[in-house]
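Dock chains B, C and D against chain A, hints included.
4 protein chains.
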Amino acid sequence: MKKQFLSACLLAGFSFSACFAQKDPKLTEQWNPVPPVINPGSAQKAPSDAIVLFDGKNLSEWVSAKDGTSPAEWVVENGIFTVKPGSGDIKTKQVFEDFQLHIEWRTPAKIEGEGQGRGNSGVFLMEQYELQVLDSYGNTTYSNGQAGSIYKQSMPMVNASKGPGEWQTYDIIFTAPRFLDNGMLKSPARITVLHNGVLIQNNTTIAGATEFIGIATYKKHGPMGFKLQDHGNPVSFRNIWVRKL
Amino acid sequence: MKKQFLSACLLAGFSFSACFAQKDPKLTEQWNPVPPVINPGSAQKAPSDAIVLFDGKNLSEWVSAKDGTSPAEWVVENGIFTVKPGSGDIKTKQVFEDFQLHIEWRTPAKIEGEGQGRGNSGVFLMEQYELQVLDSYGNTTYSNGQAGSIYKQSMPMVNASKGPGEWQTYDIIFTAPRFLDNGMLKSPARITVLHNGVLIQNNTTIAGATEFIGIATYKKHGPMGFKLQDHGNPVSFRNIWVRKL
Amino acid sequence: MKKQFLSACLLAGFSFSACFAQKDPKLTEQWNPVPPVINPGSAQKAPSDAIVLFDGKNLSEWVSAKDGTSPAEWVVENGIFTVKPGSGDIKTKQVFEDFQLHIEWRTPAKIEGEGQGRGNSGVFLMEQYELQVLDSYGNTTYSNGQAGSIYKQSMPMVNASKGPGEWQTYDIIFTAPRFLDNGMLKSPARITVLHNGVLIQNNTTIAGATEFIGIATYKKHGPMGFKLQDHGNPVSFRNIWVRKL
Amino acid sequence: MKKQFLSACLLAGFSFSACFAQKDPKLTEQWNPVPPVINPGSAQKAPSDAIVLFDGKNLSEWVSAKDGTSPAEWVVENGIFTVKPGSGDIKTKQVFEDFQLHIEWRTPAKIEGEGQGRGNSGVFLMEQYELQVLDSYGNTTYSNGQAGSIYKQSMPMVNASKGPGEWQTYDIIFTAPRFLDNGMLKSPARITVLHNGVLIQNNTTIAGATEFIGIATYKKHGPMGFKLQDHGNPVSFRNIWVRKL
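Residue numbers (my numbering), protein chains in the order written: chain A, 1 to 245; chain B, 1 to 245; chain C, 1 to 245; chain D, 1 to 245.
Extracted from the complex, chain A is given alone in its bound form (with noise of 0.2 Å):
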């Protein structure tokens, strides 16, 4: 509080208390807890509070989705990795919950096929909620099929799609469901996208796990890993990092 201020206040009528007590702003601080500190990383490092799933060396964090424990066999090479066609889906050792993602992917720069036989691939988060990896650019097929939905439910807010062969970004905020013992979901799944730092899911509910037929319905699990799909394209991953929330 300034002095002044003091003065004018009185000066105006109020009582010395009110003026006093009313111009204190240490009132509104609040001192505890104190924010972690971290070291935010760049556009090719992770943040130092972050796991790192992929470092561009080898797939150590990664396993087959087939059983869970034989060695992810897709591609390493150059710092990235790519999808070995026919080799199955990867999903990492580790599990989580509630986070926060980054993933870099790129489709291949030959095109081939189209719609949803163009550079597929896919993030199944918890390895059943997928966020579509697709090259959408300049490709039609359902909207809620391409880059950057969630398949077969949520389309996004806008095509933010670069051209094959270029490297993409996928941030996301992502909200684990909950479930009650007795199996009944209590709070959906909900996630929030920027592709390529482009707004294209905003808190969007998930209605259940990604299902090719029919409706998607919620099945109850705890904390789970992320799976990558082997569409049959070689799609290219690369700067892949998660902090638990």
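In case anyone wonders, no lab produced these hints; they're calculated from the structure.
Just to be clear, a hint being listed does not mean it is correct.
Stated by the list, open to error - If you want a taste of the chain C side facing chain D, the calculated C-beta under 7 Å gives, among others:
#1 Gln30
#2 Pro35
#3 Pro36
#4 Pro40
#5 Gln44
#6 Gln100
#7 Lys152
#8 Pro156
#9 Asn159
#10 Val198
#11 Leu199
To be verified - Pairs of lysine-lysine residues, derived as BS3-like cross-links and limited to a Cα-Cα distance of at most 27 Å, are as follows:
#12 A:Lys219 / A:Lys93
#13 A:Lys220 / D:Lys186
#14 D:Lys219 / C:Lys26
#15 D:Lys45 / C:Lys45
#16 C:Lys186 / A:Lys186
To be verified - Cβ-Cβ distance ranges computed for the label pairs, FRET-style:
#17 C:Gly183 / A:Ala43: 30 to 36 Å
#18 B:Glu97 / A:Gly115: 32 to 38 Å
#19 C:Val52 / B:Ser87: 57 to 63 Å
#20 B:Gly115 / A:Gly165: 48 to 54 Å
#21 C:Gln94 / B:Pro223: 27 to 33 Å
#22 D:Val37 / C:Val37: 56 to 62 Å
#23 B:Glu29 / C:Asn182: 40 to 46 Å
Built from N, CA and C at the ideal position, the CB exists for glycine as well.
Chains B, C and D in isolation, oriented as in the chain A frame:
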């Protein structure tokens, strides 16, 4: 549907209709509307559907917040602009409701002052809800007053600050408050913030207009602009764009 | 502030200003706006700020949903009204956006039919989002089709049904979906429902307009009325009121 | 699917597969899990899955809030219980996290005092988030301190108070706050309140533990009980039950 599936289904004893009908994935495709196609831009370039609030050349999108009409006096130089201490806050000519906002800022390389006196400015969303700008790198102050806080309300989840003299980013998703005709609050403002790419506010509810002294409360208003604060420190800004949601 | 506190504070070594200023409770009082005063009514009587959609006498607030103009043909008797099978759905003349809705319904005392064929009707919010009405007392059907479900979308958390011939209540809090100018969904509809006083839908996200076949999707629309379904069963209704939010 | 539909579809020129597959409503039925069956009770009787916190006979579910162990001294008489001024607050033995709570209260028929001094008590959710109880019938006080307010935080949307000496109800849906291991807030508490059946808090975010002086802040905690406030006025309570969510 693949033929082999139909055969297998029939062999498994299901009726033709069951096998057929339950296997058509088209039922869950949604073709309309089609998300608008945009160019996402890059770290240096705004998305094609964004309104650029500073292009590196001039402050033609801004005015003095004192009267809302006279020119913004802050200093434009080398593609950035900097607070001119004592000239007062500036605000945008255009107004907004729900939006995604990208803004980059830099506190002085030479540390002067401490606590709230060091590299202080602020981004006032709708001219009244302050997302704090401060040099919070190794700088002790109250938690709900450090960089990334909703000032005097909600502290950031982590302190993801870069050092003095370094450019930092805020990526903001903002939902405006709504009011009833009688002035009562209908739904509060909500905000999600990535600071240097790290989630620090996760769909946080804003309690009301920022107050230095006393509690925050809401007062009915419509769409409004952004205000940047002159707190007496030469904080710089660049690459500001907003997408209406 | 009590005097003894001030004394103690001073004796503890704090400054007069600190002791004084930090103890004024007035700082967190908010006197404006003043919530409108209403009469809450009772179990039998609508709140004073509600729009009464059925007062026990006639269907003057309703029309046939076939053409939106011809009179609602359902049967009014003894202060209630009942579906006239084959006459078609009816809907309100007035339209609404966000609201609190109270409605009472009763399925026939004599059980006829089973599953979806037993005491079936529905409350279509905004004429398209169906909150299912069904005699679900000891009646097996799919979970997302029983009483209290958002039909074909979200099952109720519990089955709080009363028996055939008993009056039941729905207390509904509804937030309408919002759309962008280009037809894209901005935010989905949300619903909370108390069935006979028991919470069965807790801020549930609605996936889109109810579909008997296929998935629910959204199509841009503004404020709309309520529609009650003629599903061929003589379900009765009474005491319907709505408060705009 | 009805046969006539199939015929019509085929005649319209669609393929057999299209006509057939797109018309199976079973695809959107969800049969599992099955919502638990409960008896919803009545205005006088708790739902069958509720925990009854007062059955009209004794305060065996309550203890003094002073020490958390000694008996609650408030006065039980004629199926209700009443604050014993000076005896202090009471709280439940059991603890809760997310819940639906029903509680009935009555301020003295004879008006004594004014403003905050008239029929004042409070329901402290998780022993710290106060839903105000006050005789707000024709009684002027600050808006965020009247009946139905989240005390010193959020005013009710309307004043739905009944008069002195009349029984009033609160139906509350409460989501507990969640915290990170390091003490930081993960998600705030949220509350919906019907006062005498009228919506007065609509999924309101709670800013922190109620404070008489200064701003509300959060401090990490787990499940906790309900506390009822002895504010010196003989406010009465009855028919209290809670359902865990």
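These are the hints, each one checked on the structure:
1. Gln30: holds (4 Å)
2. Pro35: holds (5 Å)
3. Pro36: holds (5 Å)
4. Pro40: Hint on C:Pro40: holds, closest Cβ of chain D at ~4 Å, below 7 Å.
5. Gln44: violated (11 Å)
6. Gln100: This hint holds: C:Gln100 lies near chain D, its Cβ roughly 5 Å from the closest one there, short of 7 Å.
7. Lys152: holds (4 Å)
8. Pro156: holds (5 Å)
9. Asn159: Holds - the Cβ of C:Asn159 comes within 7 Å of chain D, reaching about 5 Å at its closest.
10. Val198: holds (5 Å)
11. Leu199: holds (5 Å)
12. A:Lys219 / A:Lys93: Judged against 27 Å, a Cα distance of about 21 Å means the pair holds.
13. A:Lys220 / D:Lys186: holds (22 Å)
14. D:Lys219 / C:Lys26: holds (23 Å)
15. D:Lys45 / C:Lys45: Holds: D:Lys45 and C:Lys45 sit about 21 Å apart, inside 27 Å.
16. C:Lys186 / A:Lys186: holds (24 Å)
17. C:Gly183 / A:Ala43: 30 to 36 Å: holds (34 Å)
18. B:Glu97 / A:Gly115: 32 to 38 Å: About 36 Å separates the Cβ atoms of B:Glu97 and A:Gly115, which means 32 to 38 Å holds.
19. C:Val52 / B:Ser87: 57 to 63 Å: Given a distance of about 58 Å, which is inside 57 to 63 Å, the answer is holds.
20. B:Gly115 / A:Gly165: 48 to 54 Å: For B:Gly115 and A:Gly165 the Cβ distance comes to about 49 Å; the hint holds.
21. C:Gln94 / B:Pro223: 27 to 33 Å: Because 28 Å falls inside the window, the suggested range holds.
22. D:Val37 / C:Val37: 56 to 62 Å: violated (41 Å)
23. B:Glu29 / C:Asn182: 40 to 46 Å: Given range 40 to 46 Å: violated, Cβ gap about 20 Å.
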